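One line per chain: the protein sequences are A and B, in this order.
All residue numbers for the first sequence refer to this note's numbering, where the first residue is 1 and numbers rise by one.
All residue numbers for the second sequence refer to this note's numbering, where the first residue is 1001 and numbers rise by one.
Mixed in with the good hints there might be a few duds.
Derived CB-CB ranges, DEER-like [said to hold, decoys possible]: (1) B:Gly1018 <-> A:Val69: 49 to 55 angstroms; (2) A:Val186 <-> B:Glu1230: 46 to 52 angstroms; (3) B:Asp1143 <-> A:Ser308: 18 to 24 angstroms; (4) A:Asp177 <-> B:Asp1060: 26 to 32 angstroms; (5) A:Asp177 <-> B:Ile1020: 20 to 26 angstroms; (6) B:Asp1060 <-> A:Ile471: 52 to 58 angstroms; (7) B:Gly1033 <-> A:Pro305: 40 to 46 angstroms; (8) B:Ile1020 <-> A:Ala215: 54 to 60 angstroms; (9) A:Val186 <-> B:Arg1081: 17 to 23 angstroms.
Simulated from the structure, these hints should not be mistaken for laboratory data.
Bear in mind that the values here come from a model prediction, so they are computed numbers and not experimental data.
Even glycine gets a Cβ: it sits at the ideal position worked out from N, Cα and C.
Each chain, written out:
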Amino acid sequence: MAFYVVQFLTGLASAASLFLVASGLSIIFGVTRIVNFAHGAFYMIGAYIAFTLTERFSGAFGFWGGVLVAALAVALIGVLVEMVLLRRIYHAPELFQLLGTFGLTLMVEDLVVLIWGPDDLVGRRAPGFKGAVDFFGQNIPSYDLFLIALGPVVLGILWLLFQRTRWGVLVRAATQDRDMVAALGVNQKWLFTSVFAVGVFLAALGGALQIPRDAVHHAMDLRIIVEVFVVVVIGGLGSIIGAFVAAVLVSELNAFGILIFPKISIILVFLVMAVVLIVRPWGLFGKPEAPARKTPGLTVNPWRPLTSNERLAALAALVIAATLPLFAGNYALTVGSEIAIFVIFAVSLHFLMSVGGLASFGHAAYFGLGAYGVAFLAKMAGLPMIVCLLLGPLLGCMGAAVFGFFAVQLSGVYFAMLTLAFAQIVWSIAFQWVSVTGGDNGILSIWPEKWAASPSHFYWLALGVAALVTIALRIAVFSPFGYALRATRDSVLRSEAVGINAKRIQWTAFVIAGTTAGIGGALFAYLKGSVFPDNLGISLSVDALVMVLLGGVETVSGGVIGAIVYKALNIWLVSQTDLSKLVLGGFIVLIVVVFPKGIVGMLELLAQRRRKSSPPGSSLLAKPIESTE
Amino acid sequence: MSAAPPLLAVEGLTKSYGGIHAVRGVSFSLRAGEILALIGPNGAGKSTCFDMLNGQNKPDTGHVRLLGEETTGKRPRDIWRMGVGRTFQITATFATMTVRENVQVALISHGKQLFNLWGSAPNVDRGEAGRLLELVGMSGYADRPCGELAYGDLKRLELAVALANQPKLLLMDEPTAGMAPRERVELMRLTAQIAREKSIGVLFTEHDMDVVFEHADRIIVLNRGTLIAEGSPAEVRGNPQVQAIYLGEGLLYEAGHREGASI
Chain A
1 MAFYVVQFLT
11 GLASAASLFL
21 VASGLSIIFG
31 VTRIVNFAHG
41 AFYMIGAYIA
51 FTLTERFSGA
61 FGFWGGVLVA
71 ALAVALIGVL
81 VEMVLLRRIY
91 HAPELFQLLG
101 TFGLTLMVED
111 LVVLIWGPDD
121 LVGRRAPGFK
131 GAVDFFGQNI
141 PSYDLFLIAL
151 GPVVLGILWL
161 LFQRTRWGVL
171 VRAATQDRDM
181 VAALGVNQKW
191 LFTSVFAVGV
201 FLAALGGALQ
211 IPRDAVHHAM
221 DLRIIVEVFV
231 VVVIGGLGSI
241 IGAFVAAVLV
251 SELNAFGILI
261 FPKISIILVF
271 LVMAVVLIVR
281 PWGLFGKPEA
291 PARKTPGLTV
301 NPWRPLTSNE
311 RLAALAALVI
321 AATLPLFAGN
331 YALTVGSEIA
341 IFVIFAVSLH
351 FLMSVGGLAS
361 FGHAAYFGLG
371 AYGVAFLAKM
381 AGLPMIVCLL
391 LGPLLGCMGA
401 AVFGFFAVQL
411 SGVYFAMLTL
421 AFAQIVWSIA
431 FQWVSVTGGD
441 NGILSIWPEK
451 WAASPSHFYW
461 LALGVAALVT
471 IALRIAVFSP
481 FGYALRATRD
491 SVLRSEAVGI
501 NAKRIQWTAF
511 VIAGTTAGIG
521 GALFAYLKGS
531 VFPDNLGISL
541 SVDALVMVLL
551 GGVETVSGGV
561 IGAIVYKALN
571 IWLVSQTDLS
581 KLVLGGFIVL
591 IVVVFPKGIV
601 GMLELLAQRR
611 RKSSPPGSSL
621 LAKPIESTE
Chain B
1001 MSAAPPLLAV
1011 EGLTKSYGGI
1021 HAVRGVSFSL
1031 RAGEILALIG
1041 PNGAGKSTCF
1051 DMLNGQNKPD
1061 TGHVRLLGEE
1071 TTGKRPRDIW
1081 RMGVGRTFQI
1091 TATFATMTVR
1101 ENVQVALISH
1111 GKQLFNLWGS
1121 APNVDRGEAG
1131 RLLELVGMSG
1141 YADRPCGELA
1151 YGDLKRLELA
1161 VALANQPKLL
1171 LMDEPTAGMA
1181 PRERVELMRL
1191 TAQIAREKSI
1201 GVLFTEHDMD
1211 VVFEHADRII
1221 VLNRGTLIAE
1231 GSPAEVRGNP
1241 QVQAIYLGEG
1251 LLYEAGHREG
1261 ASI
């Protein structure tokens, strides 16, 4: 019995940091409507700076002062980020905000390694809380008891701050209706900045307080952000009480999940989240959001199928691509195959994101599931390659069917958070379930059969499949289903009013996109000859998002162009520098801020301008509608 | 004759929020081809009433029947499939699609082609979409992106979309809100003409009394959730209770009344 009590208390202690970070995210979202993806990064910087300070200055004052100063320093960094970056994207569509702050996260990951090195750092014990308390023969670290008390104290302070201060009243008012607060003469700029600073302070404090419990390392940002997303989805985005209750719930589920499913404890959290989503899609303490007036995209530019000339041009490009083996060496062909596979991956996400308006932040899950599908079939069942290629993607299809069902219950940022959490869950299963997936060692030697073994043959196979998939999805865009999907993206209210079951349409699109990604993953497994958990990791999901964004979210063929340019750049970049994440992150931020239409979008704009300049006077008719920015 | 059920029959509709009775025991009916206006001051329960007819809200008690078939508690999309078209107070359209594509989406849905992944949507029901656009006078705009349209044109597009499933009943929530006076008259004239030609019943809520008195065949008046008057425009205009609600009790109204009556 004592054992269970101790387990319970450990869970409560873990909840403290989780609550600090989640409440910060919630507060920032409430006022600025930005889901700050970089929140995990601020948590991590908080931990690193606190580590340095507490090592440098000794004694109780050195420790507690270090923790506090670290949190304040990170809050200052937050203010800088808010003023330089976020102020430019408050009016951008939410996808761009998520991506911009994600780019920031990537940059921080490399910067942290640059400054503090790649090794785990073990921090000092907290002065005054070094020992353990004996509880019926079980030991509880006294620092855990301190954290257990801290959670409710912070909750109380936040409550006082929001109920009893003028600033708190403004924040609560802005959370309800920020336009009205601005209309009443409140300086919105500084309100947003101060709110962001408070949110970041909480995240950094959460990170700094973790150092006596956990080693500081450069991947802790993603681990916490996924847990925080799960917490705010369960508790309700924008609710501080919700963040508290859900943080306790999730931490306890983790603490006891290990006892029930030692290998895949994360399943338990997932099940609870699924139940909450079905019963209360807006979270336990959240409010159902009124159907928000959708930010129109950057331009309103109707899509049309390719003209016959454009079709010929596309065919010509394909034929030229097919001649690559005639003059290129084996390395170039392998790179070519990889690019073709990433075209498949990118167009599958593009279909979901551009046509369906559903920005999945965990699309790699279905790519990776397709790869694992092939690995299982080839290694365990020993099936021939062609059968594996056909059946492997079905694992991606099944994953998409299950997760997609829950994901489409939500939209916008909730959808993005949920898809990310699902992907992370799939990753954890692949990582932890060693007996089936091989864990970190992956599944090796999945080689193509003779007919596809040579680099040129494999290249043709990949190119052919990529062409087929691209054509099929293009047909789908201009099919009645494609119209229905675009309709649900533009207005759910109107779609329902003309008899469209929006969720069913979106779910179908999710399954199509997941299956297609699975096809890419299946080929990828054969290209690399192996499958690893990284094949469904977050960085791969982000690659897909960047490819679509780079090509142009609001175009029909952006996925293809984006994949080719990005993948080629990426392969080159990795060969040139060790700081690929830093460069990539900076690149993402740059696209979001100065280049949001992507390559194809820019080309279309240029073509439009040229067309417009020929018949003068008609320019008013075809003028693109700019976003509110 | 009298055995056939009316197009729309509303019986004892009631809805309360907490202790507030938003709608209390409202009953009325609507014949095919008839244009019925639902009016009342702000907070009278018009919108609540309307939302219970189109499926966005469930009544506490009471029934709504379309040609004798129960629609109470059904979802908006199911009610649409039974032959009820609707327009919104604030227009809801597919902003990145062209005007024709907007109508085509409704036609695709009506033809149950929503899950067709292979067909060529630009050619689906193109002729029918063109006819509907012509009917509302929007033929010249067919290839324009919907996000570029002026508000009055959006309202006309919504009417074309609402007609796509050959509805028996049109529900229009403040169809002329936010429009210029001349556009209002035009839109309602158009609606009335189409409704009579195709024998569609129309129920609309409206704040503009000129529009109401000119186009409605019959008017029902809500106040504080209850139905207080029902009848022809002339009857409702002369009803002292209605006069009291709209203008207070005084002599001012008499002047307005005489002026109005003389038209």
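Check your understanding: Looking back at the numbered hints, which does the structure fail to meet, lowest number first?
Key -> Of the numbered hints given earlier, the structure breaks just one, which is hint 9.
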